[in-house]
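Peer 1: Letter by letter, the chains look like this.
Number of protein chains: 2
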Amino acid sequence: MENPVVVEVTRGDLVESVHRGGFALVDGAGAVVASAGDIARPVFPRSAIKVFQAIPLIETGAADAFGFGDRELSLACASHSGEEGHVALAAAMLAKGGLDGGALECGCHWPFDLPVALDLARRGGEPTALHNNCSGKHAGFLCTAVHQGEDPGGYVGADHPVQQRAKAAIEDLTGTDLGADVCGTDGCSIPTYAAPLKSFAHGFAKLVTGEGVAAERGAAGRRLIEACMAAPWEMSGTGRACEKLMQAAPGRVFAKTGAEGVFCGALPDFGLGFALKIDDGGTRASEALVAAVIGKALRGDDAALADKFDALASKTLRNWKKITVGAVRAVPR
Amino acid sequence: MENPVVVEVTRGDLVESVHRGGFALVDGAGAVVASAGDIARPVFPRSAIKVFQAIPLIETGAADAFGFGDRELSLACASHSGEEGHVALAAAMLAKGGLDGGALECGCHWPFDLPVALDLARRGGEPTALHNNCSGKHAGFLCTAVHQGEDPGGYVGADHPVQQRAKAAIEDLTGTDLGADVCGTDGCSIPTYAAPLKSFAHGFAKLVTGEGVAAERGAAGRRLIEACMAAPWEMSGTGRACEKLMQAAPGRVFAKTGAEGVFCGALPDFGLGFALKIDDGGTRASEALVAAVIGKALRGDDAALADKFDALASKTLRNWKKITVGAVRAVPR
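Protein sequence lines correspond, in order, to chains A and B.
Take the first sequence: its position 24, counted from the start at 1, is 24 in UniProt numbering, and no numbers get skipped.
Take the second sequence: its position 237, counted from the start at 1, is 237 in UniProt numbering, and no numbers get skipped.
Don't read these hints as lab results, they were simulated from the structure.
There may be inaccurate statements among the hints.
Heads up, the list lumps identical chains together, so a pair's fine if it works in one copy or across two of them.
[Claimed, not checked] Listed below are the simulated DSSO-like cross-link pairs for lysine-lysine, each with C-alpha atoms no more than 27 Å apart in a straight line:
1. K167 / K244
2. K167 / K321
3. K167 / K308
4. K96 / K315
5. K96 / K244
6. K244 / K321
7. K96 / K322
8. K322 / K308
9. K167 / K315
10. K321 / K96
11. K322 / K167
12. K244 / K308
13. K167 / K96
14. K244 / K322
15. K308 / K96
16. K244 / K315
The shape of chain A in the complex, shown without the other chains:
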């Protein structure tokens, strides 16, 4: 049974390409408020659950020991664009732990955003591990290890206490067992575990409602989510989808992208969490679908805000002469 078409790409009057996928919108008790497609099969969440992975940074006391505020906590949950401010903030976080970029084991890549990459090249620069989109998350991992008196070397390995703590948090929040059979290696070399969209959505709902989660953990999760909502640029970057979504409704929407067409997030006012996956991994489609899912969640309560998100669910496509040629749009349901 295939997932439904959730996003269409048009050219002229025709549909040129289609994206299939699924989403789950879940409340604190785990009830599915809305969904599409298969929300029970295991999905790799990739970067969309960085908040879960950062919970030990708070719970161990490391964040407070190093004086991390909203900007640092947001970067610890970020897939950032590698702009100079992101790089500097990651370096500053590591410095608090007595470390520098040499401690990072995430690997190195050019910034994904072309203008950012071109700017770096023009200045004769080359990316370092600090430019890696995950460097803030890894800075959080390293600072936690330092705080715990652990040897940070090998902190990306599944058996290192850093990854064991992250895994335990994800298992607790999703209510799933994450064994080797659902384990893969992420782009930044840490383990990534697949679980149902429904379970990831429920995990975010637990955090924003406090239901089904220990009080300390719920507070830690809300602190991270609030930091991301307060500092969306740090979590993403200039012109990025996550920044746009959260700036459209400050303090009311948390949305985090993950590679291979994933988004997770929460609507704290409504006590809801959401998770979605585009079958083919297409980010243009996940960005359209997440706006539509948020619009759907808001529709009954705040029509004007829902309209704003529905508008974000459709993006005009222009060619190299800026002529409108088509659109990428979530399929109305």
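Chain A is already provided as a structure; the job is to place chain B on it using the hints.
Peer 2: For chain B alone, coordinates are given in the frame of chain A:
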């Protein structure tokens, strides 16, 4: 009825993402030798049919008048990478027609290949219209207009003789009527017409067999296809999929990529044409599928060469530390 999954993306032991699509392998008489999915619905071929669009360049005598050889003809069918050699060759073609890059109406973009773009930025350069991946095709259009004594201005418009000739060639080769209802605007601003995969595949088969096509047109098409096979770098670029595919079997395989997950091509020895489309537009998937389709076509006749293409149908995925994390592979059928 949905198209089958044709390409899988794995991480660890799990399938992380999937791509659906279809393909048609057709002989000169129009018989479908092999296929998958819906090969009858209209698909925008995008750049995959640049050979059809370049036929008037030969038929009008313009190519001979300007002394175009394999390199120029290949560039006239190219979606090139905007490397210095591509830019220089496009400029040289235009100069033959007494024009320069200022005549191009394709618009301007940074080279799609990151290393090429970074290199240009490092040198303090900015792209011009000559860097546009379609600049060779447009140089061919402009030189044809000059040869015909036509005002080249507005040559991208549907009503200009240049586009009228291109449309007539596509209609003839595909055996379809290309009306406004199947017309869209391409990235480079010329019209693009949707037709069935089966029809595009048949068009390429006609060219390589001479069946169902006027002798002069068949010869023109074969001349263009042979130029592309002889000069694959000009048609694509360093490390590009089309270059790799054609270099794997020199003179025996013609393969041309199109945006939104399309490939068209031909196997002249076998008198076959092919066309494929990935539903979601994903190029990583079209590149895997085209290798599998070519391997399938070769299997009964040249097992060693078929093995070579089957190997190209599976690509190891490595992360930022070069650790193997998964694969993109055509689903064995």
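Peer 1: State whether the alpha carbon distance between K322 and K308 is at most 27 Å within one copy, between copies, both, or neither.
Peer 2: For K322 and K308, only the intra-copy Cα distance (24 Å) is at most 27 Å; the inter-copy one is 41 Å.
Peer 1: Is it within, between, both or neither when you check K167 against K96 at 27 Å Cα-Cα?
Peer 2: So K167 and K96 pass the 27 Å test inside one copy only (25 Å; across, 65 Å).
Peer 1: Is it within, between, both or neither when you check K167 against K244 at 27 Å Cα-Cα?
Peer 2: neither (30 Å within a copy, 41 Å between copies)
Peer 1: Given a CA cutoff of 27 Å, do K308 and K96 count as a within-copy pair, a between-copy pair, both, or neither?
Peer 2: neither (40 Å within a copy, 53 Å between copies)
Peer 1: For K96 and K322, with the copy left unspecified, which applies at a CA distance of at most 27 Å: within, between, both, or neither?
Peer 2: neither (46 Å within a copy, 29 Å between copies)
Peer 1: Could you place K244 and K321 in one of the four classes (within, between, both, neither) given a Cα distance threshold of 27 Å?
Peer 2: within (25 Å within a copy, 31 Å between copies)
Peer 1: Is it within, between, both or neither when you check K244 against K315 at 27 Å Cα-Cα?
Peer 2: within (13 Å within a copy, 34 Å between copies)
Peer 1: State whether the alpha carbon distance between K244 and K322 is at most 27 Å within one copy, between copies, both, or neither.
Peer 2: Intra 22 Å, inter 32 Å, cutoff 27 Å: intra-copy only.
Peer 1: At most 27 Å between alpha carbons: which applies to K167 and K308, within, between, both or neither?
Peer 2: Close neither inside one copy (36 Å) nor across copies (41 Å); limit 27 Å.
Peer 1: I want to check one pair: K167 and K321. Are their C-alpha atoms no more than 27 Å apart within a copy, between two copies, both, or neither?
Peer 2: between (48 Å within a copy, 21 Å between copies)
Peer 1: Please work out whether the CA atoms of K96 and K315 approach to 27 Å or closer within one copy, between two copies, in both situations, or in neither?
Peer 2: For K96 and K315, neither the intra-copy (41 Å) nor the inter-copy (41 Å) Cα distance is at most 27 Å.
Peer 1: Evaluate K167 and K315 at a C-alpha cut-off of 27 Å and name the case that applies: within, between, both or neither.
Peer 2: neither (36 Å within a copy, 29 Å between copies)
Hints 1, 3, 4, 5, 7, 9, 15, counting from the list given before, are not met by this structure.
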